[in-house]
Every structure is written in C-alpha cells, then in structure tokens.
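Numbering (our numbering) for the sequence shown: -14 to 328.
It is worth saying that the hints were derived from the structure and are not from the lab. We treat Cβ as the ideally placed atom computed from N, Cα and C, and that holds for glycine. Errors might be hidden in some of the hints.
To be verified - Restraint ranges, calculated between C-beta atoms of paired labels, are given here:
| hint | residue 1 | residue 2 | range |
| --- | --- | --- | --- |
| 1 | Gly293 | Ala99 | 41 to 51 Å |
| 2 | Pro60 | Ala158 | 51 to 61 Å |
| 3 | Gly303 | Thr174 | 35 to 45 Å |
| 4 | His218 | Asp271 | 27 to 37 Å |
| 5 | Asp81 | His218 | 32 to 42 Å |
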Amino acid sequence: MNDPHPRVRVWIRAGNAAARGPILERARRRGFRRFVDADGEPAAGEEFWSADDRAFRGGGAAAPTVVLRRRVTDPAGFEEVRAELRSGIPLAVAWDGERILPVETLVAERAHRAPLWVEAPTPEAAAGLLGALEHGPEAVVVEIRSVAEVDRLELLLDHPYRIPDGWTRRPVAGIGPAGIGDRVLVDTTSLLAPEEGLLVGSSAALLFLVLSEAAGSRYTRPRPFRVNAGAAHSYVLLADGTTRYLAELGSGEGVLAVRRDGSARSVRVGRLKIERRPLLRIEVEDGPERRTLFVQEAETVRLATAAGAVAVTEIGPGTEVEAFRQPPARHLGIAVEETVAER
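Build the full structure now, drawing on both the sequences and the hints.
If you want it as structure tokens, here you go:
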C-alpha cells in the first residue's frame, strides 16, 4: 500500500533551467524532498537523482539505482513496456496522449511489485496519475517550469483524497481515570468540520478518530481549528503516511484530517499546546491485543463512534468506537515489515 498522501511520491524536475534555483527553493519550502537534476548537494532528508534520455539514476556510488525511461507513443510500444514491467524491470514511463488507463493497467499487472515511475508534463497530470487504481505508481516525476507551478502542484496534492480502507469498529472494553499527564492540543491553520479529526492512538496498529472542537459545548465556544488529540506519547498519522508522536509535532507540518467516510485532507499544524491535565484511559479489544487511547477528561473531547460523535465523558464499556487499522511496525514513523508487540 502506498502512503496515503501523495506528496512523498512526487519528484520535481525543473523544466526551466533559468528558473531552476527559485523553483527548487519554493519546492523545499512547500515540503517537497525529492528532486531530479537539482544543483548542489541534497540537504538532510532530501534525495537527488540525475536523468538522461535513457534512465533516472540515484542511490550514490556505493549503491547505484537505475530506473529505465520509456516513452509510449502507440499500442505496440505499450505492449513492450508491459512485457518489461512483468519481467520485473524498474521503469519510468512517459506517454504521448492518453495515459490514465494505461497507467492503471501497469499498476495492476506489474510483476513482483517492480518499481513503476510515471513522467507527468504538468501538475494537473501528476495529480491524476497518483490516484490510478487508488494506489498509483511508486513515483511521479513532474516537470515544473515556474514557481507558480510549484504552488499549483501543492494545491492539487492537498486537495481532499481518500485514505485506504482500514476502518473498523471496536467495542470499548474499559475506561477509567489515568491520573495527570501531558496532553497535546493540535491547533491547525485550517477550519475543521465537526466530523473531521485526527487519527491518534497508543499503538500504530490501531488509531482512534479524535474529532475537532468545531462543535463546542454549552460552556465553551467552538474552536474549529483545534483537536484535543491526546497524551504526549500518542501516535498521530501525518499527511505523508508516516506517524509521529504528538509531542514531536512541529508548526508547519502536515497532519491528516480525516472523516469516517474515508475522505481526508492535509492540514498544517499552526501550534501545539501541551498542558498538564487529568486523563482518561480508553481500552478496546483488537483480536488478542488490547489497544489504548489516552485523552483529556473533558466534554469537548469527542470520538467518532457507531452512534456519531460522543464526548469521552459519556463513553462507557460496549460503546463502539471508530478506529483505523494499519501496519504496526514503525521505524522513525515509517511503516516497516518486522515483528513487533506493543502493550
């Protein structure tokens, strides 16, 4: 499964040599970290690849990686690409004319999950290709010709999209006081709907949908930019598909604002407020495991449940809460394949 947010799969190639510097500077400010034919040395967390007419090349001298480039101009050329991809050859494919349906075909039938890259001539084309068959290719290399196109690409990628199917309803097995702890308010730079929230939990394997404060209460005004997300140690799902501890979030980072219908969007963190507050421990059964969520004991903290939004002060044993299941093993927030037990 590809990351829910497509930004991490976009490679930017400055198609205007005269504007390359400003394009790369704006792209970095907008959170892009993968570049083709960039000048200088990559900063921490960035990747630079080179390109010629035959291939994209990266990985460094110690562990070189090559993705061969192919251009499809007719059905015969497409059949050649299909055969290469089925044999496991990493390919980057560009099209003259129609591209969405052919990309969907390649995504569906590539062998052994052979790396599939697609070249996009415009930001609009990149956005469509990333969603091919919901998963899309591993990477889209998009040609950017101006600073304005960087802004347009960001807007297209932050447009509402759908997260993969991982929803489940789990009955609350227990709920009770958990003493005083550091809870984290996440204030975003966006206005959230009452049914939007963040995916939070003590284990990355099962995250709870903690809703925004857009509804308010009888004694507080609505704060639609805020999610009273949970205790400092909790995981939260970011817009790029990784997880982060709530206490480690920083202003400007993209978190995933989610609705129970599966729609989601990237919203930016404006600030965190970490304060000592009384906490509740909510526990659910998840097969042989028990998963927990620690939240502030307050009427304005609401969870998504089978019956709709319910304040945590009103939740009891048997309440079915909405939760999102994903791979449990994480290394620096990135999903990895390994055996892990969290208790």
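For each hint, the structure was consulted:
1. Taken as a hint, the range 41 to 51 Å holds for the pair Gly293 and Ala99, whose Cβ atoms sit roughly 44 Å apart.
2. Look at Pro60 against Ala158: about 57 Å separates their beta carbons, and that is inside 51 to 61 Å.
3. Evaluation of the 35 to 45 Å hint for Gly303 and Thr174 yields a pass: the beta carbon distance comes to about 38 Å.
4. The hinted range of 27 to 37 Å is not satisfied by His218 and Asp271, whose Cβ atoms lie roughly 18 Å apart.
5. The beta-carbon spacing between Asp81 and His218, approximately 52 Å, falls outside the hinted interval of 32 to 42 Å.
Taken one by one, the earlier hints fail for this structure at numbers 4, 5, listed in ascending order.
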